[in-house]
Amino acid sequence: MDRLPIGAGVGFKPEHFAAILDGPPNLAFIEVHAENYMGDGGRPHAQLAALCERFALSIHGVGLSIGGEDPLDRDHLTRLAKLIERYKPQRFSEHLAWSSHGGEYFNDLLPLPYTPQTLARVVKHVSQVQEKLGRQMLLENPSTYIRFEESTIDEVDFLGAIVAATGCGLLLDINNVFVSAQNHGTDPRSYLANFPFDAVGEIHLGGHDADTDETGDVLLIDAHGCPVADPVWALFDEVIAQHGPMPSLIEWDNDVPAWPILLNEISRVTYILDQSTSASRVA
Amino acid sequence: MDGHRTESFVRALKDTGDRPPVGLVGPSDRRFAVHRNTVAIGLITALEVQFPAVLDLVGSEFFRATARAFLEASPPASPRLTTVGERFPEFLAGFEPALQFPYLADVARIEAARVRAYHAADTPRLGIETFSSVAADALEDLRIELHPAVAIVRSAHSAFTVFRMATGGLAPATISQWHAEDCLIDRPEFDPIVQLLAPGMAVFLHALQHGATLATATVAASESTASFDLSEALAIVIGGRLAIHLSTAQRDP
Amino acid sequence: MSSSNLAVLALASSFAAALGFVSEANAGRAAAQPTMDKCYGISLAGQNDCAAGPGTTCAGSSKLDYDTRAWKYVPAGTCETIATPNGKGLLKEA
Chain A
1 MDRLPIGAGV GFKPEHFAAI LDGPPNLAFI EVHAENYMGD GGRPHAQLAA
51 LCERFALSIH GVGLSIGGED PLDRDHLTRL AKLIERYKPQ RFSEHLAWSS
101 HGGEYFNDLL PLPYTPQTLA RVVKHVSQVQ EKLGRQMLLE NPSTYIRFEE
151 STIDEVDFLG AIVAATGCGL LLDINNVFVS AQNHGTDPRS YLANFPFDAV
201 GEIHLGGHDA DTDETGDVLL IDAHGCPVAD PVWALFDEVI AQHGPMPSLI
251 EWDNDVPAWP ILLNEISRVT YILDQSTSAS RVA
Chain B
1001 MDGHRTESFV RALKDTGDRP PVGLVGPSDR RFAVHRNTVA IGLITALEVQ
1051 FPAVLDLVGS EFFRATARAF LEASPPASPR LTTVGERFPE FLAGFEPALQ
1101 FPYLADVARI EAARVRAYHA ADTPRLGIET FSSVAADALE DLRIELHPAV
1151 AIVRSAHSAF TVFRMATGGL APATISQWHA EDCLIDRPEF DPIVQLLAPG
1201 MAVFLHALQH GATLATATVA ASESTASFDL SEALAIVIGG RLAIHLSTAQ
1251 RDP
Chain C
2001 MSSSNLAVLA LASSFAAALG FVSEANAGRA AAQPTMDKCY GISLAGQNDC
2051 AAGPGTTCAG SSKLDYDTRA WKYVPAGTCE TIATPNGKGL LKEA
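Chains as they are written, first to last, in the numbering used here: chain A, 1 to 283; chain B, 1001 to 1253; chain C, 2001 to 2094.
It is worth saying that the hints were derived from the structure and are not from the lab.
It is possible that part of the hints are untrue.
Some, not all, of what chain A presents toward chain C, calculated at C-beta under 8 Å [to be verified]:
1) Val62
2) Gly63
3) Ala81
4) His95
5) Leu133
6) Gln136
7) Ser143
8) Asp209
9) Asp217
10) Val218
11) Asp222
12) His224
13) Gly225
14) Asp253
15) Ser280
Remember, it's a predicted structure, so these values are computed and weren't measured experimentally.
All C-beta atoms in this analysis are idealised placements derived from N, C-alpha and C, irrespective of residue type, glycine included.
For reference, chain A alone in the conformation it holds in the complex (with noise of 0.2 Å):
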């Protein structure tokens, strides 16, 4: 099974093409999406080819709606399957959320809740997805903001089955970990430490805004618009020191920075990682 290196990536943006392609230290591996790589030719593809050429690929999907009630979307899962037999990522993964109803696109990430019948539903999709493509995805952990009272079951506890049953992997983004620990009034270690980490195979990092909602508690949202907080430092720091290095992602999708101030982000991402190296080398 292919591998993303152990290393810091980055989510590409068109913009910072030739600042990637010009020296990038430090950067093991990029990532995109999946849904803009999906037309026919262009500057598109003629950036990721040339990407390709230097860096470990991973392809992560916003839009198959794996939490849906519709069935998967088959000609989006075709053109998916496309995709990843022309790249050959190192990973591909997607979310634990849906997008689509009745054949409508509502281009968010939407939470479902966590019952028997949902799960079922998830892990069909996962293991059609598989199977399509031919190989393991990576499933990520929302950032949630409200909560069903029809869930019974654990998030983690959740995820964690849907791995026993499909043998999928499992993306752990450590912000949406605290942005959903925080809009519940959770504890993101409990929820750490009880995380199936031996399913983890990436790792995301993003920064998130922080509001209040009618009764004047916090409301953290997922926005990917600043650099990484503090407290989530404070967790990737946790996690890398007592589960070693792994593949870990800056994720900064709106009010693109110029490069300087994501690399910035990269190579603390690198200092983390290699800390934990040459400390297990010292152990």
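We have chain A already, so just place chains B and C on it with the hints.
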């Protein structure tokens, strides 16, 4: 989430009121609004990015209201955001508040063609040497297949001029009389171009796109425009490297 | 004989003339006054074309108070400075 719960969720997502769906834990108005806003802003921003000339012409408030009406009438079916505006031009053509700007739908057609051209396949283009080797007696039945990035937009309302005014190529000025303007959209390498076509060219290129022979396309163009200049048209096809395939098979209807 | 038939008869000579134009012009488009508009609104030339369209995002929007209701159809753009045979476009608010 069973069927009716999902329906409630989707209704709340599209509702312009502030109500969250049923079945959530605790006060959730603003929490649910994160999703409602993400969906609306994401899709409207997608249209703004794809139709910058239309946005410039009508201004932000008008554009967003129009985009919202369009998305209600024609919700996106695909997670490929590049396709979200495919039907926006035809929506504008029939949208009452936009009818005061008769050029608007045509300007949107130019912009939609640019987006398609940007993502079109990288099919190799034929150079002059391929044309040079065509025998004179094969010309009448010659079919010239055009590159998938090539599109023709025809406007009765000076859309090319307005498009240039909206995109900074020309200073906004008075248009005293509507002119028919045809344009060619293509993508020579990676960046789309929009080019004004002389009268008759659009008919000629359109006929070629639909599989007509050179003779049939020439007749059609000459009938539409007495001054149609075939050598100029061919120079655009050959010099602009619009062609990807030549054939002489007899398959005229 | 109609002009269109004449045009077909002239195919060979027009074709030869076109080949001549193109080889003379050599690079680029041989047609008269090629009004090419490069893409506009680009922050980094040649890197991020506006016709690329929007990229998807897996982030949520932080504009929580974005108003999705109170919009009116009041034109306020370049259309107001382009005078046309229809006037500048006056409309009562929808």
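Hints and how they fare:
no.	hint	result
1	Val62	holds (5 Å)
2	Gly63	holds (7 Å)
3	Ala81	violated (18 Å)
4	His95	holds (7 Å)
5	Leu133	violated (19 Å)
6	Gln136	violated (20 Å)
7	Ser143	holds (7 Å)
8	Asp209	holds (4 Å)
9	Asp217	violated (14 Å)
10	Val218	violated (13 Å)
11	Asp222	holds (5 Å)
12	His224	holds (4 Å)
13	Gly225	holds (7 Å)
14	Asp253	holds (4 Å)
15	Ser280	violated (32 Å)
In terms of the numbered hints stated before, the structure departs from hints 3, 5, 6, 9, 10 and 15, listed from lowest to highest.
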